[in-house]
Amino acid sequence: MTANDSSPHHLQLTRDGQLRHFLTLDGLDRALLTDILDTADSFIEVGERTIKKVPLLRGRTVVNLFFESSTRTRSTFELAAKRLSADVLNLDISTSATSKGESLSDTLLNLEAMASDMFVVRHSQSGAPHFIAESVTPGVAIINAGDGRHAHPTQAMLDMLTIRQHKGQFEGLKVAIVGDVLHSRVARSQIRALNELGAEEVRVIAPGTLLPKDVESLGCTVEYDMARGMKDLDVVIMLRLQKERMEGALLPSEREFYRLYGLNQQKLALAHPECIVMHPGPINRGVEIESAVADGPQSVILNQVTNGIAIRMAVMSMAMGGQVAERQQKLSERDQA
Amino acid sequence: MTALLDIDQLLDQMESGLRRALEQRGVESPVLIGIRTGGVWLADVLSKRLGIEEPFGELDISFYRDDFSRIGLNPRVKPSSLPFDTEGRDIILIDDVIMSGRTIRAAMNEIFDYGRPASIILATLIDLGARELPIQPDVAGKTMALESHQRVKLRGPDPLRIELQEAGQ
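Chains as they are written, first to last, in the numbering used here: chain A, 1 to 337; chain B, 1 to 169.
These are calculated hints, taken from the structure and not from any lab test.
It should be emphasised that the depicted structure is a prediction, and the values quoted were computed from it without experimental measurement.
Where a beta carbon is used, it is the ideal one built from N, C-alpha and C, also for glycine.
A few of these clues could be false.
[Claimed, not checked] Below are the EDC-like pairs computed for lysine to aspartate or glutamate, each with C-alpha atoms no more than 20 angstroms apart in a straight line: (1) A:LYS167 / A:GLU200; (2) B:LYS142 / B:ASP12; (3) B:LYS78 / A:GLU48; (4) A:LYS82 / B:GLU87; (5) A:LYS53 / B:ASP66; (6) B:LYS48 / B:ASP158; (7) A:LYS52 / B:ASP85; (8) A:LYS53 / A:ASP87; (9) A:LYS53 / B:GLU87; (10) A:LYS52 / B:ASP113; (11) A:LYS82 / B:ASP66; (12) A:LYS53 / B:ASP158; (13) A:LYS167 / A:ASP41; (14) A:LYS52 / B:ASP158; (15) B:LYS78 / A:ASP41; (16) A:LYS52 / B:ASP66; (17) B:LYS142 / B:ASP113; (18) A:LYS53 / B:ASP85; (19) B:LYS153 / B:ASP12; (20) A:LYS167 / A:GLU274; (21) B:LYS78 / A:GLU134; (22) A:LYS53 / A:GLU68; (23) A:LYS174 / A:ASP16; (24) A:LYS330 / B:ASP67; (25) A:LYS330 / A:GLU134; (26) A:LYS174 / A:GLU134; (27) A:LYS174 / A:GLU216; (28) B:LYS78 / A:ASP38; (29) A:LYS330 / A:GLU48; (30) A:LYS52 / A:GLU68; (31) A:LYS82 / A:ASP41; (32) A:LYS53 / B:ASP113; (33) A:LYS231 / A:ASP214; (34) B:LYS78 / A:ASP87.
[Stated by the list, open to error] Some chain A residues close to chain B (C-beta under 10 angstroms, calculated; not the full set): (35) GLN18; (36) SER42; (37) ILE44; (38) LEU56; (39) LEU84; (40) ASP87.
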């Protein structure tokens with residue numbers, strides 16, 4: 001292969017196109033994204049049984065490596081790994097060895113020495129999971145659980161699963177992403193996924209101060225006025241206002257933001273009557289979304305949480321599967337040589 | 001390809017074998033579970049032949065296979081669907097071909113994750129021998145051995161037919 005070898009999409013696929021890491025949606029084609037959704041569909045059924053467990057990752061060790069805290073993402077990854085019968089180690093790095101001066105590489109070497117098979121990585125630096133995937137021992141799978149402002153691919157895929165469940169397909173859909181796109185890693189992954197899966201239009205609705213400079217180049221249209229933006233929508237995805245990431249005054253006030261970009265019943269009435277409402281959580285009631293909408297009949301916010309477990313089970317088992325298949329292939333090539 | 005095997009004859013064998021097995025065990029209201037894909041087609045046919053009105057279950061054993069650590073995950077996995085509670089039920093488990101017995105082991109592991117059945121009867125269309133595990137069908141449409149260059153495959157669902165393939169074809 002060429003100089004592109006270390007680019008994320010070469011890094012995350014085996015030679016025959018199977019997933020072996022899951023770092024970004026960039027470079028993953030519609031067929032593979034559809035495979036992930038289909039596999040997740042089968043895991044949803046597992047979650048409805050009395051015994052919600054399958055033996056796929058039995059005896060394997062999954063380390064949740066969270067350099068940045070997150071309750072929902074970490075707990076759904078933990079539950080997903082446990083439902084695949086893996087052993088799970090949760091490491092909250094901000095409270096562990098790195099605070100005693102251990103470097104990232106040393107932390108990783110120690111975890112590898114414990115014969116870990118998979119790292120689920122959340123980091124405030126964009127590209128951290130990619131860096132780890134490049135330096136980790138062959139055979140260990142890396143899953144990106146959110147890095148900086150770059151990507152949050154499992155969140156985007158669980159959103160795609162939720163949309164497909166409610167709408168059947170992506171063709172012809174008009175989807176809007178509303179709010180703090182600038183600080184959102186999930187918005188980038190969502191725009192990428194929606195375009196690859198064939199949505200008709202992806203719109204971002206936000207004030208100019210909360211949009212990245214080159215936002216159209218991600219593959220979306222821009223609307224500053226929410227009432228205009230809501231027209232004909234099939235899906236509206238609200239983003240959380242990232243208060244902790246907000247540096248400087250990008251907004252006049254929360255109240256002003258809610259007046260202009262918060263989703264209430266009046267604004268929702270402007271969309272298609274069967275428009276579904278999504279939010280990655282945790283929701284700021286009265287900041288991005290009115291309670292009557294968040295808890296209303298068009299809201300699928302809690303479906304998203306359930307689907308998050310299934311998507312994470314799918315991605316983890318597919319990446320581990322790619323790793324073991326690749327290892328077997330190398331062994332048999334060595335035997336033939 | 002040569003069609004040496006008459007599907008209707010084999011289905012007759014399975015039907016009468018199952019009726020006998022159910023009677024011997026005193027089972028009155030069994031449920032059928034077919035293993036995807038061939039076993040599901042057979043479950044459909046046999047539920048009609050046996051007059052079982054309760055919908056049959058469909059099992060996809062991809063998450064239970066014992067070769068994940070060699071070949072990874074089957075990308076074409078579909079959800080299993082058991083439209084009844086397996087707890088305490090008498091189950092007829094159906095597959096098209098039995099060889100090593102590994103598929104049946106995986107299927108039984110999966111069934112037990114839904115609940116504890118009262119009993120399981122195993123019925124296959126064709127028993128090819130070559131077992132690697134101590135699992136035997138209670139009912140088989142036909143027992144035969146293949147030459148190393150031969151393969152047998154059930155095609156369907158409509159019409160169902162059995163293909164005996166010679167290597168290289």
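*Honestly, which of those hints from before does the structure not fit?*
Failing hints, ascending: 4, 12, 14, 17, 21, 22, 23, 26, 29, 30, 33, 34, 40.
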